[in-house]
Amino acid sequence: MRRIGIDVGGTNTDAVLLDGASVLHAVKTPTTADVTSGITEALRRLLAAVPVDARRVDAAMIGTTHFTNAVVQRRDLTPVAAVRIGLPASASLPPFIDWPEDLAAIVRGRVFMIAGGHEVDGRPIVPFDEAAMRRVAREIRASGLRSAGVAAIFSPIDPSAEQMAGAILAEECPGVAVTLSHELGRIGLLERENACLLNAGLVELARRTTRAFTDALAASGLDAPLYLTQNDGTVTLASQAEAFPVYSFASGPTNSMRGAAFLSGLDDAVVIDVGGTSTDVGCLKRGFPREANAVVEVGGVRTLFRMPDLLSMGLGGGSLVEPAPLQIGPRSVGYRLTEEALVFGGGTLTCTDLAVAGGLLQLGDPARVAHLPRDLIAAAIRAIHQRIAEAVDRMKTDAGEVPVIAVGGGSFLVPPAMPGVSRVVRVAHHSVANAVGAAIAQISGELDQVFQNMTREAALAEARRLAEERAVRAGADRSSLEVVEVEDIPLAYLPGNSLRTRVRVVGSIAAEGTRSR
Amino acid sequence: MGEEARAVTLPEIEQLAIGAWILGTGGGGSPYHGLLNMRTLYREGAAVRLLDPAALADEDDVAVVSFMGAPLVGQERFKDPRAIARAVRMMEEYTGRRFRAVMAVEIGGGNGLAPFMAAALLDIPVVDADAMGRAFPEAQMTSFAIKDLPCFPLTLADVRDNGVIVARAASWKWMERLSRKACTEVGSTAATCKAPRTGREVKEAGILYTTTKAIRLGATVQAARRAHRDPTEAILEAQGGRPLFAGKVRDVARRTTEGFLRGTASIEGLDGYAGQRFDLAFQNEWAVGWHDGVPRVTTPDLICVIDSVAGEAIGTETLRYGQRVSVIVLPAPEILLTPKGLDHVGPRAFGYDLDFRSVFAEPRP
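Protein chains in written order, with this note's numbering: chain A, 1 to 517; chain B, 1 to 365.
It is possible that part of the hints are untrue.
Here are the simulated SDA-like cross-link-like pairs (lysine to any residue), alpha carbons at most 20 Å apart as the crow flies [claimed, not checked]:
| id | chain 1 | residue 1 | chain 2 | residue 2 |
| --- | --- | --- | --- | --- |
| 1 | B | K248 | B | R226 |
| 2 | A | K285 | B | Y321 |
| 3 | B | K248 | A | G420 |
If you are wondering where the hints come from, they were derived from the structure by calculation, not from laboratory data.
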């Protein structure tokens, strides 16, 4: 299978062409403001470098930080109609209650709260108020809002209220994009609703972006299905993914980790991705990033859904070095490294200069750093190594020694040995590990639900079946699915035998003809 | 109102939320939603007053409130100020007497803010006191129960206009069983007004000034963060606490039995504790700690697990692999340390065959 992987970062757009397990070619181009012309340029250079018969590609995968940036920078967001189903419960904390005011002012179109929702044991809180939902839908149509987010109490246990609301919205205001919170995730109404509303606010941008990606592929003469990479290291068909932009929020660091696993052949390791400005440290478990099992803030909004567990710090190849007192980062020269660093004839002392002076790296003109005092170089490199070693130790969960994979353009800063680390692995193509990670991505399905009065075995089997359904819908080949994560937590103060179960399955992309609808 | 009641500001309520979470000793539920409710109520003009318990007349009536239920349900069905106010009003209708003030049954966790929600809607002050000085899982684990005060009546309300009055109960344990049953029936979350207390009972059997203590604790943490000081150090200094261990969480096992979230956690030592280990057992709250296999600390001493980096308390439901934590201990209220107190809340009340020996009985290191 031949695949193209593209990672659109804040600074660079990286692209690789993979044939089976071998990297045929890799390119790095600057990211452009419109994103797509950067992709077109990357594809042009990539395809120009390989023989014509290698240009027939089976799949193209794109990972992008575009949607996260839209939230963080408060741009390209659509105002949303928020519908909460749960009255009379949870009325005192309405939708958007804990959003930063500047973001809420953009996304909060209208807020509606109606009666319905479920108890933890599946009984309705009160009957779903269908008449009220119909009135709300007509008001949404009259208001001209183009996107709606619907969240019902305990919808991960019983999604029927959200589904009924979705059907009424489809009838009364066709053309309005609808996000239902149970499709995003986990128990925790505010955090699930927040993710749902962010998603609703991004849906139009996601559609435009996906269309632009498709056009960029077509303009490059590629006739391959397009997939978008997700937070958990898997991909979804672009046509499916455009409805769930929040699932692409953390795809950058995730793709680096997946690429590191692939290029090194290691499935369980700590991955250090050192860029120009920052370093991300994460853990691979069975080839996938370990997930954060806690609230993750995006642009100041508390959310709870599939996100990788990462430790980020302001340390990279372009980080500024202050000699006395010694301070390294978090400020960085970023993409201006090749103008401002000493070894390139600039006037700024950076980590890259230290590495050249200390013999860790050959780059630029070493004569320009020959004047640096030996003890400063030694002390600064020691400090960098110590910070990286501490970050690795914080992310480790095993007492035993683990391997570390160093990737990214600044990975020369990673020390050759660290306490608790069996070995430091460096790989070819490490500077485009993120694009490699995109190219090799598989498809997943996840389920997080509370089961009651079932044996643990029966609950796990049912959870697995539902997770597999989701994976097949996202484009996976059913026969290739395997369970990569199982977690079950018994719950306090609840009747019967309540078990919260989370199952995740992963499989390979179904061939064109066998993909199910 | 006399000057013995003072207005509590919203920044103080933010501090109360931080302090209450630490005093929750791992349980009691997060005060986050309570804080969001209070921000809304203050924005709408509420200003809750805090009353010095010494200013209560012996014959005053005080409402004792809490939200009851499963923490997981609280993540979907939020604590509602109207429900807690309704439980208090129901008690007034039942007894035919008006309340002078309202107080918390437990200062630890989300319930530390419950009387503030009621007070904001009922326009009566909050008494600066509670009946635990921390958080505990059951109704008989209070200073009022230890002092053998009557356990009934109790009112229970939900948001649907369901109301239950438990008119009598044979014991505090029976009250726990009957009210728990009603709570489960209305969806495992309910607002309750416990047996009313007289001013005299509060002064004699309450744990006094714990609201102020929680506010100060939160202020200490905030000040330490602003000054880039270690918040754990600041907590120990301000509360006369002692450090027990510092390390990284290696293993957490949870299970539910008889309505408790039970389990164990194992911490591997770092820095000065390298090569050593600390094991914690919990039943909603942290209950017992062993240092290298030797019992080191037990309830009712306040066992707190603090995130070493963020300085925030970590609950028994949120502790997870890989976290760097400090285990510290804060002194328990005197009444919990009496022989009668230990019958209710000592290690044996949680099923551990251990004698209670306070960390604070040892000479300062």
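For each hint, the structure was consulted:
1. B:K248 / B:R226: 25 Å, violated
2. A:K285 / B:Y321: Satisfied, since the Cα-Cα distance of roughly 13 Å is no more than 20 Å.
3. B:K248 / A:G420: 14 Å, holds
The structure does not agree with numbered hint 1 stated previously, though it agrees with all others.
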